[in-house]
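Asker: Chain by chain, the residues run as shown.
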Amino acid sequence: MFGGPHAALPASLSCDVAIIGSGAGAGITAELLTKAGLEVVLIEEGPLRSSTDFKQRESDAYPSLYQESAARKTADKAINILQGRCVGGSTTVNWTSSFRTPSSTLSYWQQRFGLAELTDDAMSPWFAAAERRLNIGPWLTPPNENNDLLRRGAAKLGIPAAAIHRNVKGCWNLGSCGMGCPTNAKQSMLVTTIPAALDQGANLITQTQAREFELSGGKVAALRCTPVKIDGTPASDSVTRIVAKHYVVAGGAINSPALLKRSNAPDPHGRLGTRTFLHPVVISAATFDQNVEAWNGAPQTIYSDHFLDTQAIDGPIGYKLEAPPMHPVIFASTLTGFGQRQAELLRSFPQMHSLLALLRDGFHEESPGGTVTLRSDGTPMLDYPLTDFVMEGARRAFLSMAEIQFAAGARTVSPVHEMATSYTTWAEARDAIRALPMKPYVTRVVSAHVMGGCGLAGSERLGVVRPDGQHWQLNNVSVHDGSLFPTSIGANPQLSIYGLVNKLATGLVKRLNGRDVTLA
Amino acid sequence: MQRRTLLKLGIGATALLAVAGGGLALLRPGLVNGHLTAGAQSVFRGVGRAVLDGSLPSDAIERDRALSTHLKRLNDTLAAFPAATQAELSQLLSLLASAAGRIGLTGLRDDWANASVTDIQSALQGMRASRLALRQQVYHALRDLTNAAFYSDPVAWPLMGYPGPRAIV
Numbered sequence: 248m249f250g251g252p253h254a255a256l257p258a259s260l261s262c263d264v265a266i267i268g269s270g271a272g273a274g275i276t277a278e279l280l281t282k283a284g285l286e287v288v289l290i291e292e293g294p295l296r297s298s299t300d301f302k303q304r305e306s307d308a309y310p311s312l313y314q315e316s317a318a319r320k321t322a323d324k325a326i327n328i329l330q331g332r333c334v335g336g337s338t339t340v341n342w343t344s345s346f347r348t349p350s351s352t353l354s355y356w357q358q359r360f361g362l363a364e365l366t367d368d369a370m371s372p373w374f375a376a377a378e379r380r381l382n383i384g385p386w387l388t389p390p391n392e393n394n395d396l397l398r399r400g401a402a403k404l405g406i407p408a409a410a411i412h413r414n415v416k417g418c419w420n421l422g423s424c425g426m427g428c429p430t431n432a433k434q435s436m437l438v439t440t441i442p443a444a445l446d447q448g449a450n451l452i453t454q455t456q457a458r459e460f461e462l463s464g465g466k467v468a469a470l471r472c473t474p475v476k477i478d479g480t481p482a483s484d485s486v487t488r489i490v491a492k493h494y495v496v497a498g499g500a501i502n503s504p505a506l507l508k509r510s511n512a513p514d515p516h517g518r519l520g521t522r523t524f525l526h527p528v529v530i531s532a533a534t535f536d537q538n539v540e541a542w543n544g545a546p547q548t549i550y551s552d553h554f555l556d557t558q559a560i561d562g563p564i565g566y567k568l569e570a571p572p573m574h575p576v577i578f579a580s581t582l583t584g585f586g587q588r589q590a591e592l593l594r595s596f597p598q599m600h601s602l603l604a605l606l607r608d609g610f611h612e613e614s615p616g617g618t619v620t621l622r623s624d625g626t627p628m629l630d631y632p633l634t635d636f637v638m639e640g641a642r643r644a645f646l647s648m649a650e651i652q653f654a655a656g657a658r659t660v661s662p663v664h665e666m667a668t669s670y671t672t673w674a675e676a677r678d679a680i681r682a683l684p685m686k687p688y689v690t691r692v693v694s695a696h697v698m699g700g701c702g703l704a705g706s707e708r709l710g711v712v713r714p715d716g717q718h719w720q721l722n723n724v725s726v727h728d729g730s731l732f733p734t735s736i737g738a739n740p741q742l743s744i745y746g747l748v749n750k751l752a753t754g755l756v757k758r759l760n761g762r763d764v765t766l767a
Numbered sequence: 017m018q019r020r021t022l023l024k025l026g027i028g029a030t031a032l033l034a035v036a037g038g039g040l041a042l043l044r045p046g047l048v049n050g051h052l053t054a055g056a057q058s059v060f061r062g063v064g065r066a067v068l069d070g071s072l073p074s075d076a077i078e079r080d081r082a083l084s085t086h087l088k089r090l091n092d093t094l095a096a097f098p099a100a101t102q103a104e105l106s107q108l109l110s111l112l113a114s115a116a117g118r119i120g121l122t123g124l125r126d127d128w129a130n131a132s133v134t135d136i137q138s139a140l141q142g143m144r145a146s147r148l149a150l151r152q153q154v155y156h157a158l159r160d161l162t163n164a165a166f167y168s169d170p171v172a173w174p175l176m177g178y179p180g181p182r183a184i185v
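Read top to bottom, the protein sequences are chains A and B. Numbered as in our numbering, the first sequence ends at 767 without a single skipped number. Numbered as in our numbering, the second sequence ends at 185 without a single skipped number.
Don't read these hints as lab results, they were simulated from the structure. Among the hints, a few may not be true.
List time: in silico DSS-like cross-link candidates among lysine-lysine, alpha-carbon distance up to 30 angstroms [unchecked claim]:
#	chain 1	residue 1	chain 2	residue 2
1	B	Lys88	A	Lys302
2	A	Lys492	A	Lys757
3	A	Lys686	A	Lys282
4	B	Lys88	A	Lys476
5	A	Lys757	A	Lys466
6	A	Lys492	A	Lys282
Values in this document were obtained by computation on a predicted structure and should not be read as measured data.
Same shape as in the complex, but just chain A (with noise of 0.2 angstroms):
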């Protein structure tokens, strides 16, 4: 262990892989690596922080935790990301829900970006793998009422709704797990992959940023890397430099194209750190007459994917719905107004609900994602201008939300959007939504799930990195994490990363040295 409060960075270091990040790609990487006897170095900007550090307070974790401390913004400022930067990367943060990638998006990415070997049966045992690795599976006790009232709502109007899968073992239901699992339930690469690949030999630097490859002759020759802050300034002018056979870039979408542009990585079809994808999320809000406690249990049990199954996936932006955990910082700077208003509101919050709708982009010409560009400090910036196409996802998704609270019995139903107000009825709600002006500001948008950017393709000019995961023109360079996607998901993202890197990172291995490994 080296960086941060640990050992001191050495000059330089040499070692068979260099992962750069230790979320859910790098994790599955670093297993798999280190158990066919590959020495493996991994390099995370963020802290170690672990169950005895996570106290279920939100002023802890988003400092510590997320990127830019949770208020990483687009360019605009128009949507706020939430994505995690800790040992464990956004494992370490999310709220466990896990799907495996849709059919849809697999057979998607086999017309149109010649992935054929993408198909639900070659990825199935690799998911499968995953799932075994990390416990994930039905999760069996009743579902907090911020769910229920989801399903329950739902069941009123005829619209499917099913349980989500989730990654824990021994859960306490407390519903914290956006600030880190305090009991180590939550099977995130902290307490999984990490851990593994640690005891079979690799080295972990921590609050360390991978700076910039040092490229020659169509190759990486060294990775340089500089020690950081927890705010994610230098901590000094050291450079640690080290030097890999292959080197696998898995820092999360937006930061994994940032760092193959400061590398001035070739790319030839001008495609790497375009379609970055976000799920662009808006909230409907609504007060019961009974305590909802939205903070209270475990988040996102239940689901609908009735707005993407009943519509073609290349046709007007579907939706995927579900229920957030909220706690007092993430609701009251989400939610809209201020002053005596804001006040009453709040007040009410023990009683409120959340639904969130999150818009499946990237499947059609008008949704075509965000690019990442770089700062004159080098840090990335992404760009993703919120088209007409995608906002009138968002107003449908509205109106599906509002209906569904109100068949549950919502007393009052309050879109996420500044111009609205608290509707007493369907028709009065449905009303005024079909009137609100669906701009970026003025409606609140928000994203937890960055994908794309160095995109997986079956040709050159269609994406940055080949189908077994290799830089289409860097030959010792991989890319494994979320960047990888050409769309979005159209689900929680975190099990295709694991479905996807098990393929790509037994691969590798194979490459490498030959030997079979498998996950579990």
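Given the structure of chain A, go ahead and fit chain B onto it with the hints provided.
Answerer: Chain B alone, transformed into the frame defined by chain A:
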């Protein structure tokens, strides 16, 4: 066009100050080494009075004390932000702390310390409903940061009926 306008205050500020008839010479940064300067504190104290109206103590002395605690918390929140975000916020606060910037951006005539809660709320509402991306961005930055800092403190949780995290024993 508006949507694409970024918080590039170097450019936006110049234009706005010209409109407001002010000069650039007297602008001081809003954040120095991650700490709110006196001018920036005055901005956030004014915004706090307006945004947190209804959540702050009604007694004047207690309210002042609560706002001072709030500013400390806000300072801690901002100190954790990356350098690029701090630089942008510093520019924004610098502008808002100047008379020309305050009037140009927010429409608030009296300075932050003397303006009434009602006037600051009208100014906030003006930015919130503005068609200019820059003014909407400013509204969200001020309002969201104020709420995020204030409600992160367990002292504020009873106002929301939030009992705090469950004990793990």
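Asker: Work down the list of hints and note, for each, if the structure agrees.
Answerer: Evaluation of the provided hints:
1. B/Lys88 x A/Lys302: Satisfied, since the Cα-Cα distance of roughly 21 angstroms is no more than 30 angstroms.
2. A/Lys492 x A/Lys757: Since the Cα atoms of A/Lys492 and A/Lys757 sit roughly 14 angstroms apart, the hinted pair holds (cutoff 30 angstroms).
3. A/Lys686 x A/Lys282: Cα-Cα ~50 angstroms, so violated.
4. B/Lys88 x A/Lys476: Measuring from Cα to Cα gives roughly 21 angstroms; hence the hint holds.
5. A/Lys757 x A/Lys466: holds (20 angstroms)
6. A/Lys492 x A/Lys282: Given that 30 angstroms is the threshold and the Cα spacing comes to 17 angstroms, the pair holds.
In terms of the numbered hints stated before, the structure departs from hint 3 and from no other.
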